[in-house]
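From first to last, the protein sequence lines stand for chains A, B, C and D. Numbering of the first sequence is given in my numbering, commencing with residue 453 and proceeding in unit increments. Numbering of the second sequence is given in my numbering, commencing with residue 453 and proceeding in unit increments. Numbering of the third sequence is given in my numbering, commencing with residue 453 and proceeding in unit increments. Numbering of the fourth sequence is given in my numbering, commencing with residue 453 and proceeding in unit increments.
It is worth saying that the hints were derived from the structure and are not from the lab. It is possible that part of the hints are untrue.
Copies of the same chain look alike in the list, so a pair counts if it works inside one copy or between any two.
In silico DSSO-like pairs for lysine-lysine, Cα to Cα no more than 30 angstroms straight-line [as the list claims (entries may be wrong)]:
id: 1; residue 1: Lys497; residue 2: Lys460
id: 2; residue 1: Lys463; residue 2: Lys544
id: 3; residue 1: Lys497; residue 2: Lys457
id: 4; residue 1: Lys544; residue 2: Lys460
id: 5; residue 1: Lys497; residue 2: Lys463
id: 6; residue 1: Lys544; residue 2: Lys457
There are 4 protein chains.
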Amino acid sequence: MCSGKDEKYFKNISPRERAIFEGAITMGALFHQFIGTPVSESSVKSLEQAIKESMELQPCIDAVEVNIDFGNSGGGNEYEYVSLTGEMLDIKVVSSYQGVRAVTRMRYYEELNYPLMYVESVD
Amino acid sequence: MCSGKDEKYFKNISPRERAIFEGAITMGALFHQFIGTPVSESSVKSLEQAIKESMELQPCIDAVEVNIDFGNSGGGNEYEYVSLTGEMLDIKVVSSYQGVRAVTRMRYYEELNYPLMYVESVD
Amino acid sequence: MCSGKDEKYFKNISPRERAIFEGAITMGALFHQFIGTPVSESSVKSLEQAIKESMELQPCIDAVEVNIDFGNSGGGNEYEYVSLTGEMLDIKVVSSYQGVRAVTRMRYYEELNYPLMYVESVD
Amino acid sequence: MCSGKDEKYFKNISPRERAIFEGAITMGALFHQFIGTPVSESSVKSLEQAIKESMELQPCIDAVEVNIDFGNSGGGNEYEYVSLTGEMLDIKVVSSYQGVRAVTRMRYYEELNYPLMYVESVD
Chain A
453 MCSGKDEKYF
463 KNISPRERAI
473 FEGAITMGAL
483 FHQFIGTPVS
493 ESSVKSLEQA
503 IKESMELQPC
513 IDAVEVNIDF
523 GNSGGGNEYE
533 YVSLTGEMLD
543 IKVVSSYQGV
553 RAVTRMRYYE
563 ELNYPLMYVE
573 SVD
Chain B
453 MCSGKDEKYF
463 KNISPRERAI
473 FEGAITMGAL
483 FHQFIGTPVS
493 ESSVKSLEQA
503 IKESMELQPC
513 IDAVEVNIDF
523 GNSGGGNEYE
533 YVSLTGEMLD
543 IKVVSSYQGV
553 RAVTRMRYYE
563 ELNYPLMYVE
573 SVD
Chain C
453 MCSGKDEKYF
463 KNISPRERAI
473 FEGAITMGAL
483 FHQFIGTPVS
493 ESSVKSLEQA
503 IKESMELQPC
513 IDAVEVNIDF
523 GNSGGGNEYE
533 YVSLTGEMLD
543 IKVVSSYQGV
553 RAVTRMRYYE
563 ELNYPLMYVE
573 SVD
Chain D
453 MCSGKDEKYF
463 KNISPRERAI
473 FEGAITMGAL
483 FHQFIGTPVS
493 ESSVKSLEQA
503 IKESMELQPC
513 IDAVEVNIDF
523 GNSGGGNEYE
533 YVSLTGEMLD
543 IKVVSSYQGV
553 RAVTRMRYYE
563 ELNYPLMYVE
573 SVD
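Please construct the entire structure, taking both the sequences and the accompanying hints into account.
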């Protein structure tokens with residue numbers, strides 16, 4: 453949900469820029485809120501759901517898709533779980549403002565050794 | 453789950469102390485992992501479930517009960533959610549080691565202005 | 453520092469939009485990484501410095517200014533510290549890409565009951 | 453600092469157990485607060501200092517020693533920093549209650565593939 457009450461603070465950027473701005477905030481927030489959370493095959497669905505529902509609350513966010521992939525986790529520990537890392541995340545955040553829609557993506561690129569956040573598409 | 457492989461690192465404390473130790477770790481972990489997460493009435497169930505399932509993965513943890521109470525949240529923002537705070541949490545963590553069971557609790561006490569973590573019971 | 457190697461992922465947005473995008477990521481990251489950290493008058497300088505130096509590492513970030521204000525902290529607890537909250541933060545993030553500079557700001561607005569993130573200025 | 457005001461909540465455990473309990477909370481807190489923070493050789497001192505000073509505020513904590521070792525970091529990314537992981541941490545927390553002192557340690561053990569938290573010594 454976007455609020456009408458904050459519009460005066462955003463007069464110096466376009467609706468397209470606002471949609472990009474809000475998607476980016478939510479992507480940075482998601483990473484730094486949840487990295488380090490213990491996760492296993494048995495708990496992964498509940499963590500994906502909580503990440504999705506909490507991040508969809510942020511301003512101007514329409515939808516969040518969360519996929520946690522254990523293929524990049526480096527293998528489990530002696531206690532059969534791992535700490536969530538950026539390498540394991542594939543995320544889409546859909547944000548919109550005044551009819552402009554941005555899709556922000558995070559996924560790990562081996563050539564960068566980095567979970568890159570970028571704009572996948574924007575109207 | 454406790455691992456048999458780490459027992460050599462715990463020879464200087466008793467099973468009762470180990471149960472207390474593991475419950476306390478999980479309580480500190482829980483607080484600092486999830487504080488700040490956006491939450492609303494609509495998303496609270498999924499967040500409680502993810503906290504429970506992720507924290508039950510930690511060593512020697514049998515069960516985690518999570519209750520998020522908006523009564524101490526200070527009211528919602530313009531965007532109809534709040535950031536999770538310690539005041540909103542009522543948590544029980546059940547840990548055990550070699551047959552000794554500890555129940556660790558966190559809840560907000562107004563007289564301390566603090567979400568206190570303490571041992572509610574231990575065998 | 454911006455990397456040259458990731459440019460191919462950003463062909464669908466302008467340099468101005470990239471500067472806004474990177475500032476917003478860092479602001480969301482900062483909030484959700486550090487909210488909940490114990491802080492007191494005696495420790496505040498080291499926390500401000502660590503937030504600044506860690507967030508300046510993020511892609512395309514030139515400078516981060518951090519001010520933690522206890523005036524909005526709701527008072528200390530029985531243990532003489534508080535958990536860092538969004539209300540206490542006043543942050544500026546300066547990002548740039550190909551000569552375009554964006555200043556992103558977060559500060560608490562009482563009318564929104566919210567630590568608002570917005571673009572303060574952009575070339 | 454320990455508070456006198458919370459003593460009534462700790463009547464069912466011994467001073468030795470309280471010292472262990474408080475050390476464990478702080479270790480769990482430290483891990484889950486700071487994992488994911490961007491860090492490089494240039495910023496490591498400020499992050500170590502902030503972790504130390506913030507965690508020394510917690511109840512009954514006398515001292516915290518923090519060493520961040522890049523040897524276990526898996527190498528930097530394209531942007532010349534890494535996200536802090538448990539593998540990189542070597543931590544000592546000294547807690548005490550009514551004259552009993554506990555030293556809690558976290559460090560990575562390859563045989564467990566895990567940053568183990570344990571009690572290194574206790575009076």
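Hints versus structure:
1. Lys497 to Lys460: neither (39 angstroms within a copy, 33 angstroms between copies)
2. Lys463 to Lys544: Result: close both inside a copy and across copies, 27 angstroms intra and 18 angstroms inter.
3. Lys497 to Lys457: Between copies only: 29 angstroms across, 35 angstroms inside.
4. Lys544 to Lys460: both (28 angstroms within a copy, 19 angstroms between copies)
5. Lys497 to Lys463: neither (40 angstroms within a copy, 34 angstroms between copies)
6. Lys544 to Lys457: both (27 angstroms within a copy, 22 angstroms between copies)
Figure legend: structure checked against the earlier numbered hints; hints not met, in rising order: 1 and 5.
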